[in-house]
Each structure stands twice: as structure tokens, then as C-alpha cells.
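Participant: Just so we're aligned: 542 in our numbering is position 542 of the sequence shown, and the numbers increase by one with no gaps anywhere.
No lab work stands behind these hints, which were simulated from the structure alone.
Just so you know, these numbers come straight off a predicted model, no measurement behind them.
All the pointers check out, no bait thrown in.
The calculated lysine-lysine pairs, modelled on DSS-like cross-linking and capped at a C-alpha distance of 30 angstroms, are:
{"id": "1", "residue 1": "Lys283", "residue 2": "Lys256"}
{"id": "2", "residue 1": "Lys480", "residue 2": "Lys397"}
{"id": "3", "residue 1": "Lys69", "residue 2": "Lys480"}
{"id": "4", "residue 1": "Lys480", "residue 2": "Lys79"}
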Amino acid sequence: MRMRRADVRGVALALLVGASAGCATGQAIRAGHRAEQAQEYDRAVIEYTKVVRADPANRDARSALERVKLRAAQEHAYKGRRLAGVDRYEEAVVEYQLASELNPTDPIVDAALRDVRQRLRTKVSVNRGGHTALESLIERTRNVAPPGLDLPSSAKLPSSLVFGNGATARAVFIAIARFANLSLVFDPAFRDQPLSIDLRNATLEDALTAVTASTRTFYRVTAPQTITIIPDSPAKRREYEESVVRTFYLSNADVKEVIDLLRVVIDIRQVSAITATNAISIKDTPERIMAAARLINAIDKARPEVVIDVELLEVDRTRLREYGLQIASPGAAGISGSGDINRQNYTLRDLRNLTASDVFLAGIPGVYYRLLKNDTATRTLANPQLRTAEGLAASAKFGERVPVPVTTFAPIAAGGVNTQPITSFVYENIGVNIDITPRTHHDDEVSLALRVSLSSISGTGFANLPTFGNREISTTIRLKDGETNMLAGLIRDEERSVMAGVPGLIDIPLLGRLFANNHKETQQTDIILTLTPHIVRVLDLSEADLRPFRLGRDISVGITVPEGPATPAIPRDREESPDLPPGLAPGGAGTMAPATTPAGTVPGTTAPVASPFPQPLQGPIPGVPIPVSPPPPPKKGGGGT
1 MRMRRADVRG VALALLVGAS AGCATGQAIR AGHRAEQAQE YDRAVIEYTK
51 VVRADPANRD ARSALERVKL RAAQEHAYKG RRLAGVDRYE EAVVEYQLAS
101 ELNPTDPIVD AALRDVRQRL RTKVSVNRGG HTALESLIER TRNVAPPGLD
151 LPSSAKLPSS LVFGNGATAR AVFIAIARFA NLSLVFDPAF RDQPLSIDLR
201 NATLEDALTA VTASTRTFYR VTAPQTITII PDSPAKRREY EESVVRTFYL
251 SNADVKEVID LLRVVIDIRQ VSAITATNAI SIKDTPERIM AAARLINAID
301 KARPEVVIDV ELLEVDRTRL REYGLQIASP GAAGISGSGD INRQNYTLRD
351 LRNLTASDVF LAGIPGVYYR LLKNDTATRT LANPQLRTAE GLAASAKFGE
401 RVPVPVTTFA PIAAGGVNTQ PITSFVYENI GVNIDITPRT HHDDEVSLAL
451 RVSLSSISGT GFANLPTFGN REISTTIRLK DGETNMLAGL IRDEERSVMA
501 GVPGLIDIPL LGRLFANNHK ETQQTDIILT LTPHIVRVLD LSEADLRPFR
551 LGRDISVGIT VPEGPATPAI PRDREESPDL PPGLAPGGAG TMAPATTPAG
601 TVPGTTAPVA SPFPQPLQGP IPGVPIPVSP PPPPKKGGGG T
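Kindly generate the complete structure, drawing on both the sequences and the hints.
Facilitator: Here's what the structure looks like:
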């Protein structure tokens, strides 16, 4: 009989639990339907989500959940467009993020979110119209070539400049000078040699670099519109060696780091820092000066900047359960929107016993977080915004400073016994202290190096002095731009006990409770810290910063990368037209034909193989300019140039 009664009680208990669950599910369905009818789609998403978690096989609830998610996403996307139209980009980003969370497969929302983020960065980073006068001056002189390499910028070459078999180096240099309207001087030690080269679509600097590399020569700009061609040899290097001094004013880079980089990469030794103006002065050859200028332009960039929204919230645990958020139990990390909350009896005094698993970091869906934050049962304790540059730490401290007495003993008189007590006070930080060091990534994500320090008064010790519980957690998390992360797991318990009864009788030990009305109230709240990074400045890189440049042998070379093809030789089977005057080959005005070998050239000499790197460029010497007008047609019975 007792077994039957026990069975009946078990069945009744099971039916009661099932009825309670069914009642809760029915209430959630009705609440979701009411929210949907009222066009409160965010609330409807929460309610239908509860039903799906409680009854995953409920197809009607699943269908309703997908329906309200799409409508909620459309509503947030519409709000985002309206806010972006009136330049309220911060709020527009929030709306588009919610729309993307609700409907992650919508490419239009993703594109709009990227566009609004870019507008926000532009708005924050550029707070004035155009550049200042100093910025404009530095920009104009950024790529100025040093003396000796300052070729005229207006010089142009034909797009089909080709020199075939039988052409010589002297003839190639002369043709380049004529097309660029330059005067040309040859060093007395220059020796001519055969050369065939393709200079189609090459700039003046590219053409001179390629030809000097093929003929083992170098050039210098002697005077405006005048260049000198010199054989490349150690003796000529010493003869034409010259130094150039240039000062670089740095706007963002660190002077010491730049100097170390120049010494290691370009082997610049004569460099000095001017700390008062954050500048460096360099003395070296024109090639090294130009290489240093390009390297400094690539690294003197403003650091990316991140704004981190930090919120310290006090949340009622019952409200957390209503929103479907579950705080993980000790030993587990994470937050989810399903299941019941595991009640843990932590208090602030338990901080001394916390481990890294008790205080965890986890993402929280934007819709849940927004509704939870706007709930009347949620109180915002602090909400600072920390703006910091990449690699620099930002700090936030929440709590109070508690005085702690410290007593020392000193002698009453010189040489006496230490009998005089002297009391002083030191202050301990109690609360939550957080240090954040951000790092941005190229995919619009942010890594946050976190150091969280939690401290509280855990009790009293000797002489009623307070004891402190401390716990530090260090971790690194990676979030998307605008993604919210939660630091949770701290629960505060507040207990209130009220005893009312007959005076005198309630004071009787043990028996007093029988004559009293006892009331005990317990309230649990979670202390939640949320972090939301926003990228407001990205690294300002250009295509020139990413393009490599040549340094060559011992850095004594040109540094420009030719944009056109290298210097391929003209096929030997190219035919010449006998009807053209000597010195010109088919292919247009920019094509040079074979020329006779000068008297000073050794017969049978072949053109040297072009080096994979351009040859060095060195200093000018005075000479006699050559005429720049095209030569007259050759007379009958004569030839040559």
C-alpha cells in the first residue's frame, strides 16, 4: 500500500512538473504572439526563443521565431538607414549590427554596416576640412629627389622606345636625352659598347636605371636639364662620391625606433635625433637618402585607435532568467540563451576563493543585451568610454579606496628603546580594476589584452583589521568591431532578517523564536562588466607603402621599381627596312636602329648581361651639352650621327 501511495505521489509530481512546463511554454507563446501583434519584434524574438528551447520539436514556434527575426532585422536595418541619413553613425552602427545578428545571411545589411563604419571612422578621424599648412608642405616635399638624382619631372619618353641589334650604349643615351629634352655629358673614361634594349612604357628614371645597369655605368644630374654618364668603378665612385644632408620631421613614429631601423635596414651611420622637434637628420649618399625617405614615409603613420565602451551593470538574477541568459557554473566558461540559471551562493567576500573559471568572458547576443540593459531592474553603475591607440594601455577602476592603519615604533629619544607608536594609513583599492591594451586587425577585428583585478574586504583579522581578497585574471580576446563581450560570474547576496513578537519573550534563548514572527528576505544580483570595442581610426596605408623597392648591391643603386617590363633583348631576326634613313629602324620615331661601332670600341665586344638590380647612381661633372633637336637626314654618300 505504501508503494502504491509512493507511486501515485511520483506520478502526481511528474504530472505537476509537466503541467508547469506546459503552462510556462503556453505563456511564452502567448507573450510572443502579443509582442508580434504589437510590432515589438525584439520582445517576440525573446519569447519565441524560450518556446523553441523548451520544446525544440515545436514547428509552429520555430516558424514564428524565423518570421519575427526577419521582421526585427528589417526594422533595425530601416532604423539604421534613417540614422545614417542624418549623420548619426554611432547609433546607425548599433542598428545594423542588430540586423546582422538577426539575419546574418543578408548581404545588403553587411555592406551597409561596413559603409557606416567607414563613415564613422572618417568622421572621427578627420575633424577639420583638408590639411593644415604644415601637412601640405610636408606632403609636397615628401618625395623630392635629393641633389644628383633630381631628374626633371616634365620629361617624357615615347611609349614605343626600342633599340635593336647593333645599337650602342652611346646612341641609346643620346636618344633618351633627346626625347627627354636633356643635355648629355660623357665622362672621358666612358667606353661605348653594343646594346639592345626594350624601353617601352618606361619613365625617364626607369630608362636611365635600366641602361646604366646594362652598361655598368651610373649617372648624375649635373645641372638643370643636364646629366653626366660615368663608368662604374671603385675609382670613379671615389671621384664622384658626394654627400647629401636631409632632415625628416616625424609626426607619428618614434625617433629611436626610426634610427634603429635605418641603421639595420639601410646601413645609415651618420644620423642624429632632434628630440625637441621629433626629427632626425641624415648625412649620406643621394641613393641612401632617397631610400631612407621612402622607408620613413612608409612607417610614419598614425596608430589605429579604438574606443572601448565599458559598462558596469547590476542585474537581478531573476531578470536574467526571464531573458533566457544563463551564467555558467564554476569550472565552465560561457553564456548562453537557454536553460535555467545555476544559482551559486557567491558573495563579494568569496573573491579570495575565486579562480579564473569563476569569472569568465563570453559574448552576448545584441538583442538580449539591449533589452537587458533597458530593463527597469538593471542599474548601470558606471559607463566610461576609453579611447586609446593600438599598443597603449587604457585603465578603468571601479570601487573605492579603504584606509588601512599601519603602525610603526620609534624611540622616544636618541638611543632609546622603540616604544613610541606612530600610526599612518595606506589606502587599498577595493572593487574592479581593468587594464585594456587593444590591437586592430585588417579584417575589422580587435584583440583586447585584458588584465582584470578583483578585490574586496573578505573579513577581519587581528585587532579587527580588515583582510582583503584579491584575484587577477589576464587573458586576450578577439572581437569584431562593435561586438559586446561580457565579464560575469560575480554574484552579490543581500539578506535581511526581520523578527517581530512579544517583547521579552522573543529574547528567550532557543524558545524566543516560537513567540516571534520571523521573515527572511534574500536578494541576488549579478555584477556584470561589458566591453564593446569600436575602431575609429585604421592604419592609413597606400599602395606605394606596400610596394617593394630595390636596394641592390651595397645599397649604392637606384630605388625605383620599373613599372614596365624589364629590359628584354630585341629578337635577332628583326628585319630592318632598307628604305629608312640610317640610324632608324621600323617601329616608329621612338625606335633606334643598329649603328656603326665607334672607333674606340673593341671589335667583337658583346653587350654585357643586364644585372637583376640597377647599378648605383653617382655625382655629376661639368660637360658640353649636346644639341637637343633631331639630326638632319644624312647626305648621299655619308652616314652616321
